[in-house]
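Following the hints, complete the assembly by docking chain W onto the known chain A.
There are 2 protein chains.
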Amino acid sequence: MLSFTGKVYFIFPLHTDSEVSARKKTFTEVQAEGLEQAQKTVLISYPTGISKKNILQYVSRHGKINSHFFYEGHGPHAMVEFSEKESIYSLQDVAQIADCSSVPGIPLKSRLFTLTPRQSLSQALDETSVHNYQHPTIPIEDLVQKLCCADSISNQLYSLLNEYQLTEENIKLRFLACSLIQDIARAYFPECVVKPFGSSVNSFGKLGCDLDMFLDLDEIGKSSTPKKTGPFQVEYHIKRMPSLRTATQRILSVIGDCIANFSPGCTHVQKILDARCPLMRFFHQPTGFQCDLTANNRVALRSSELLYIYGNLDSRVRALVFAIRCWARTHGITSSTSGPWITNFSLTMMILFFLQNRKPPILPTLAELKNLADAEDEHIIGGHDCTFVSNPNKINQTENTETLDVLLNEFFEYFGNFDFSSKSINICEGKEHNKPEPSPLYIQNPFERALNISANVNQNQLDRFVALARECAWLLQQVDQDHGRDSKQPWGLAALLVPLIKISKKKMGTRTLASARIKVLLNSLRANSANKKGERAFSSWSLK
Amino acid sequence: MLSFTGKVYFIFPLHTDSEVSARKKTFTEVQAEGLEQAQKTVLISYPTGISKKNILQYVSRHGKINSHFFYEGHGPHAMVEFSEKESIYSLQDVAQIADCSSVPGIPLKSRLFTLTPRQSLSQALDETSVHNYQHPTIPIEDLVQKLCCADSISNQLYSLLNEYQLTEENIKLRFLACSLIQDIARAYFPECVVKPFGSSVNSFGKLGCDLDMFLDLDEIGKSSTPKKTGPFQVEYHIKRMPSLRTATQRILSVIGDCIANFSPGCTHVQKILDARCPLMRFFHQPTGFQCDLTANNRVALRSSELLYIYGNLDSRVRALVFAIRCWARTHGITSSTSGPWITNFSLTMMILFFLQNRKPPILPTLAELKNLADAEDEHIIGGHDCTFVSNPNKINQTENTETLDVLLNEFFEYFGNFDFSSKSINICEGKEHNKPEPSPLYIQNPFERALNISANVNQNQLDRFVALARECAWLLQQVDQDHGRDSKQPWGLAALLVPLIKISKKKMGTRTLASARIKVLLNSLRANSANKKGERAFSSWSLK
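Protein sequences appear in the order of chains A and W. Position one of the first sequence corresponds to residue 1 (UniProt numbering), numbered consecutively onward. Position one of the second sequence corresponds to residue 1 (UniProt numbering), numbered consecutively onward.
Think of the hints as simulated: they come from the structure by calculation, not from any bench. Don't take every hint at face value.
Repeated chains share a single entry, so a pair holds when one copy, or any two copies, can fit it.
Below 27 Å or equal to it, Euclidean Cα-Cα: the simulated DSS-like pairs (lysine-lysine) are [what the hints assert, rightly or not]:
| id | residue 1 | residue 2 |
| --- | --- | --- |
| 1 | K195 | K271 |
| 2 | K109 | K195 |
| 3 | K423 | K370 |
| 4 | K146 | K435 |
The following block holds chain A by itself, in its conformation from the complex (with noise of 0.2 Å):
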């Protein structure tokens, strides 16, 4: 069970609708900012009872403490950022190693320490007795209830945002999990950085989502710049390999040996190197992070940057992204093992692209991001084209005014009319163009343009999607003729994430939607739509 206890704030400033934010940080500010406060950072476990004011006076002594929280991970733990790197070897200088004839152990000095009091035995933890935790979220239950009482579809979503976005204590142990495997790799690779990427940074994660990791390797040939050395040139006996690929595969195979056996609480290790990006994966148990350690993965990073980009450019993209991901979820549109399912990316992907087609725009295209781009913001990374502009406060805001009500609803009435079986979806130019396969889906990947990130997804899974959305869409403009705001019944998102009524969660193609109970309910919702919003394209629907 993780608690966090203390004030909680977020890193992605929440707004209103009408809200201008103040100066955005860019995708590499955050990340630097991020590491930067890990290294000095040192995570603190120690027995229940001790006061936690005790336990800051004792870690003060060691040097001023910019920020700290408390929380009970396997057993209660502190985290404590210094304000100088220099506290950490102070606090470093009076630790101990466990004598390792009485209790055998690697005698590894990191940056996670037991505090015990002087009088009682030492009970430092034993990381083989005890089961893992993971970050815990609201139960969908007490989601529903409390979105049951917010004033507005629109608060509905940004008080689902506000339940399950990372908070900063969460992304703090996020950084400082990467600067601990940090300094494992660093022990032989020092100019090597340990980055989170994935929805741990590009402000789409959810409370216990995975942590990715980077390993970048590649600041250690860039720092040797030919020097002027004589006659002579100078270069390290190094272990040549056969291919980057074999090298990225040693590496990490030799670091995860090294976390697995030297790091204290990495528990779970797996090689899965054969995998088209060779990972690493583990469970880091004192911060609680179910881990992917990768190298050479640098599209994906810059993947990362561009979600972030588009999370912070407008303060509904979030809200609608978190609010369609938990109904894809509750309804087992995405799941969290690989099959035929649609994945959170393609689903984010698909919202991205409908938020480009709104009149005007919500969000500007990846082409247009490339226009405002720098030259330092050029990236080719293995031949494809990976720029766009870095700084986000050189995006225009757009001048799209709707609602939240309206996008979500518009959102499911979007796809639930899309014409999958020969379009397909791409964000860099924003627009439908003919699928280049006949894959049910097609969403081009915004990088590697070849690819579709969405070809393991089969028609059966489509379709539920499709039927999904048609129905939410209905579900979503009874609100005001059903519903009354304090009715007891689930109402608005709330009423989507409950198991529906009208739509059984098993199997079920367009062809069973096409009965003769469903065609009622259509019936009725083109009569309300067409009441409602004229010339919205309902008509265009293809049940096949």
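Relative to the frame of chain A, chain W by itself:
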């Protein structure tokens, strides 16, 4: 092919019988000095054709050079020891890492460099395409020829010692190899030390012998004496292990992986972790050594120190040990593979025991060395008393003045005559004891006294040793009679190193010896001996 250029001198100085040595270094001093120098040392490979002068000139830009030498390993190499460690940083500062995208490799920065002229293309070493080289020693035929030129058997023994003992350069390379592996291990365990032990440092090492390395992690715990830290005790959160043995295995395994995957020039890595003393075996190409890395092997280190002391007490000791080891290897009494053969260690113990039993004794017993021990010499390791005086200068020189001619002959007579069937050998008391168990050869382990270090030897091998010893005693008696010193036939020690005419090298028990032919030989030997040395104990030879 390894060949040293420049002056070859000796870390274990050669003395003639009468010479009195100056103050002797302790084993610990030799170890500390070797490791200290090795840490200031780099290894540079360069293409054939560059002048050594140019190399030195270039390298000396980075700092004062303390010592250096060139050798042909896998291509030309220079070993350069700087006066200051900072010079290495200066060299590292200008050194580049090959661009990993064009030449994939592990970008580890070590103290192995490749120097290439600016004009030519980089010819960095490609270790995959290279055959391993080993340090060669003089072929036995050449040695025999050389020995024939000496003017006495004593000088034959010193000449053999001169050819076979480790040179100062070779010892420096051994310390350097340890220091490079220490760099790898220190990445995670900054206080650890990798020390050479065994034949590399016990003063009995032959050129080309394996390099035993001891990873000493004990300093890590020791430096962290409990400090006054107020109300709390701070402890590093470390990875717990079920046992010290498991911890050792894990550490060796991971460091082995690092060596295998990151460290340039380390090949053929084998993990032998289930052995009584877990070890990592690998070939260290830049220095050309076959290495065994162990941890928690402190008794072996103490054993090396004991041999070092015995080897340096009297100049005859090493000369005799080298000669008898060479003789034993020539006749297949010892072997480089494990099996029922007498080991070098066992053979050395027999020689030490023999020297303890001269009148007056040439070497003190281990019990006497223990009596001379100070408080600081006290070592109890795993319940075994390994205490003995560490300072060789505290040990009185022997009054025995027998020449090596006599000692060699007497050694063969002594063990040709020894009652192996009922007696055991132990250097602690320097006295025969009754065998505690029926192994053919029983030599008490000097520290783990319940163990027989020659439990592997079978009756057949022991019988071969005895038969050859008798034969050689007889052969040495012939010197004065059959061979003039300018004869073209091998004589003295040289005669013992060629296939013996009278004893075939094939399997031969004492029963075969007791043939009519041998009886004649022995009778002649007895008569001879009685003539020459009067009361010497040939009459007690047991022929069974």
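Evaluated hints:
1. Within a single copy, K195 and K271 get their C-alpha atoms as close as 19 Å, which meets the 27 Å cut-off; across copies the closest is 33 Å, which misses it.
2. In this assembly of identical chains, the alpha carbons of K109 and K195 lie at most 27 Å apart whether taken from the same copy (22 Å) or from different copies (22 Å).
3. Only within a single protomer do K423 and K370 lie at most 27 Å apart by alpha-carbon distance; the minimum there is 24 Å, versus 91 Å between protomers.
4. In this assembly of identical chains, the alpha carbons of K146 and K435 never lie at most 27 Å apart, being 42 Å within a copy and 86 Å across copies at closest.
Of the hints listed earlier, the one the structure fails to meet is number 4.
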